[in-house]
Amino acid sequence: MTTTMPTAPAPAQPAHRGSAGGGLMRRLNFGTGVLAGVALAAVAWLLSHSLLDSAGTFFQDQVATITFIGWVVGFLLGIGAFNGPINWFRGRDLTHDDELYLAGKDLGPRRYWKFCTDHKVVGVQYFVMTMIVLFAGGVLAMLIRIQLARPGDHFVNPQIYNAFIGMHGILMIVGLIVAVSGPFGNFIMPIMIGARDMAFPRLNALSFWLLVAAAVPLLAVFAVGGISDGWSTYAPLSVQDHVGMDAFAVGVTTFIISTTIAGVNMVTTFITMRTKGMKLDRVPIFTWGVTTSAALGLYAMPFFAVALTLLLSDRALGTSFYLSFGGGTDWLWENLFWLMGHPEVYVILLPAVGAVLEIATVFARKPLFGYNVVVGGMIGIVGLSTIVWAHHMFTTGWAPALNGPFMLTTELISIPTGVVFLALLGTIWQGRLWTRLPLLYVFGFVWNFIIGGVTGIYLSDVPVDNQMHGTMFVVAHFHYVFVGSVLFGALGAVAFWFPKMTGKYLDERMGRVAFWLVFAGVQVTFISMFISGLMGMQRRVSSYAHAMATTNFISTIGAFVIMAGMIIEAYTIVTSWRSGREAGRNPWRSKTLEWQVPTPVPLENFEVPPVVTSDPYGYGEAAPPLEAPAGHPDATPVTVGAAAKEELQS
Amino acid sequence: MTLTDTPAPTPPSPEPPAARPIRWKEIVAVWLVLTAITVVGDLVVFPRVMPRSASTTMHLTIVTVVLFSVTAAPVGSLVYAGAVYALRHWRAGSGDEPPPEGPPYRKHNQLSIAWLSISAMLAVFLLVWGLGALAADNAVAQKATMTVDATGQQWLWTFHYPGTKVTTETPYLPVGRTVTFDVTSLDVTHSFWIVQMGAKIDANPGEVTTVSVTPTRIGDFDVRCAELCGLYHAFMTTQIHVVSASQYQSWLQTQELSA
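Heads up: the sequence lines are chains H and V, in that order. Residue 533 in the numbering used here is what sits at position 533 of the first sequence, and the numbering runs on without skipping anything. Residue 63 in the numbering used here is what sits at position 63 of the second sequence, and the numbering runs on without skipping anything.
Some hints here could point you the wrong way.
Claimed, not checked - Here are the simulated lysine-lysine pairs, BS3-like style, with alpha carbons at most 27 Å apart:
| no. | chain 1 | residue 1 | chain 2 | residue 2 |
| --- | --- | --- | --- | --- |
| 1 | V | K165 | V | K143 |
| 2 | V | K107 | H | K276 |
| 3 | H | K105 | H | K504 |
| 4 | H | K279 | V | K107 |
| 5 | V | K107 | V | K25 |
The hints are simulated quantities; they were obtained by calculation from the structure and are not laboratory data. Because the structure is a prediction, the values reported are computed rather than measured.
Start from the sequences and build out the full structure, keeping to the hints where you can.
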């Protein structure tokens, strides 16, 4: 990529102190958020006890719902999420000084505990939060596998087991939705397109702290008795569930508000914040992956919020959206859920695909193969994924006449998805493979995604799905996609962008140990899980027939190998972050913009917005002619290729 | 691309990196070996691992699974063969300095079109086969000469033979005679699944759904609930006994008398 990095001085800052509510509002942080959240939850609990009829049928659900909403609102107030609007109402909008304070200027590490608008801080916050959520989900996965190591409910009773599977499901879904877009979509993408921040920095901070607010009711589900419906919480089972379901509904709805705000922000950033010359066909492919995912999430995720709101209404207000004796139907839940549920798979997948392709070009030292076809494929996936949802409902009896059409759309989506392999192979082809850790994850992704994709084709076929639906075969299939493909893309992204986020290399040797453990563990766990499913083991069962004892035991062993790999990965991340080898500005000699700015990245990324004159994939090509940026004739034009060569020589 | 009128200095243009000769024979050999291993594996594993078919529906399902696996084998193996070849021949170091840059292949229109066409043809093949199998499954319903009501509730199945007083938790069926199950639920969503017969339909409260099968052999077959339905979902199981026509009649009469 040819870019110009002008070195004009930044405009002088206004000298006066800001008016962001003076001292109090500036002192708000995570701690005050927790205090205010607990306080408002307590107030909500007391108020609902004194105002509502405690003999009513729905009393407990009403109290639980109001209390958890109290927590969310209180936490956001306490951390200062509403300072902007409050000041605006008081007629004292934020000054530039205030904005810089909000962005964490001169705050040091404290800014990671605050409502911080700097997209890089938000990215790091998401990174840590993702690790925590995935770790919690992983511990639950181990508990599930301990239960299933032998048949016969030998570890916990079905009530607790059902809570395990439901919480494992939702934590992993939440974790994976944010796993790539959260850390790297926020930290990397704005720099990639030459922006100084996201389009809406305060909404960016809000989206992250909403995720934290959502995590508390989600984890509180255990404290109030768990849920027994799986993460898909099919009504009417979820209507009759304990108050844990109210916590679940409030938590997930909060999370969906978070993803929607983040999605609006990312799509707007993509459309409006690209720097001069960053035309749509010069945008790095990772940015396309994040943006298409965010746009799809904007369409898909609200369905779940609607479904959960109706569910809360059935539970706490006595309506009957999902109750057949009141004129409702379980098919309403299933449709709303899967209208979200299937696009959501691609919301999770697309950023990982973008990251894998980005890594492939850098480590094959070649341009991205078939850029236009890949972008078209991503957009095709977004479009098609909105009309495949009922393939999750082939066996429900809802609309047998639509089984054929939904089989058609589902099989069609294999075409744009297959383009990913064309692009990956084409990029690697004749490459000079720099076999560093990130490239390992690219090959791991190829291996697993073939298996995850092919097994999806069985399930798209209605007669086969009539046998496989609701079995461990389905579970193994989507774990090959989520763990084998998305997690591999995410870990590859960690290895790749770690030097930019932390200034250090991710330790290569430990990283490889983690890779091979996770890779081997995935094969062992999920291939034997395919066999359990083929033999006739249903999913979400706490016990099973003795015939499947061997394959389940093997799956349990494999799962612990994955966990061992992930613990080593977490250890590697922590130790490399603290005392890893210094990596410098552009250790991978990449041509995308984020590697051209210094590490650590300065507060507003670029002193003067760069001007882009070509796409970032000019490997093996003569550098295009240099051009001075418009409006900055004094700026020193720099080609990235030339910069890389200078570094090589020095 | 031009942003200003400033005349641009022309940088020296080095020779583009050269492509290396490709040993196509090696790629084809790896591809064929992988395909052969996968095909043999599919033919051996699936029929052994899946339950032995007890209905025409299940028979067709097993055939379809094997057919799809055999079709997918060369496709997946092709990607693997390419990846293996790249890893064998194009590794260029893992130090801190990057290898020299590769040849700038950006696109290949014919290849892209061929790739898209082949995947489209595969999708059409899957669709046509799937629609055919779906039609065959649906045709089973037309041949049904008896009906059994199957009702799910937390956490057991109850079967009623319409026109009789017979209600049981372990139903008997005559071999070779097509039966339609009218399935419903008294509480939450369940899923009625006869494992060895490849037949599954949800039991929805307030709705009646149907599924038809033709049992093809005598034996005891598993019914499992395939939709999470609460505490004892895993134990919502029973058996269907497929017997000869005369045994079925005598069973029905005994049940009728004791009812």
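Each hint tested on the structure:
Between V:K165 and V:K143 the alpha-carbon distance is near 24 Å, which keeps this suggested pair within the 27 Å criterion. Only pairs whose Cα atoms come within 27 Å are accepted, and V:K107 paired with H:K276 is accepted, the gap being roughly 26 Å. Note on H:K105 and H:K504: the hinted pairing holds, with a Cα-Cα distance of about 22 Å set against a maximum of 27 Å. For the suggested pair H:K279 and V:K107, the alpha carbons sit about 19 Å apart, so the restraint of at most 27 Å is met.
A threshold of 27 Å between alpha carbons decides the hint, and for V:K107 with V:K25 the separation of about 24 Å falls inside it, so the pair holds.
This entry satisfies every hint, going by the numbered hints stated previously.
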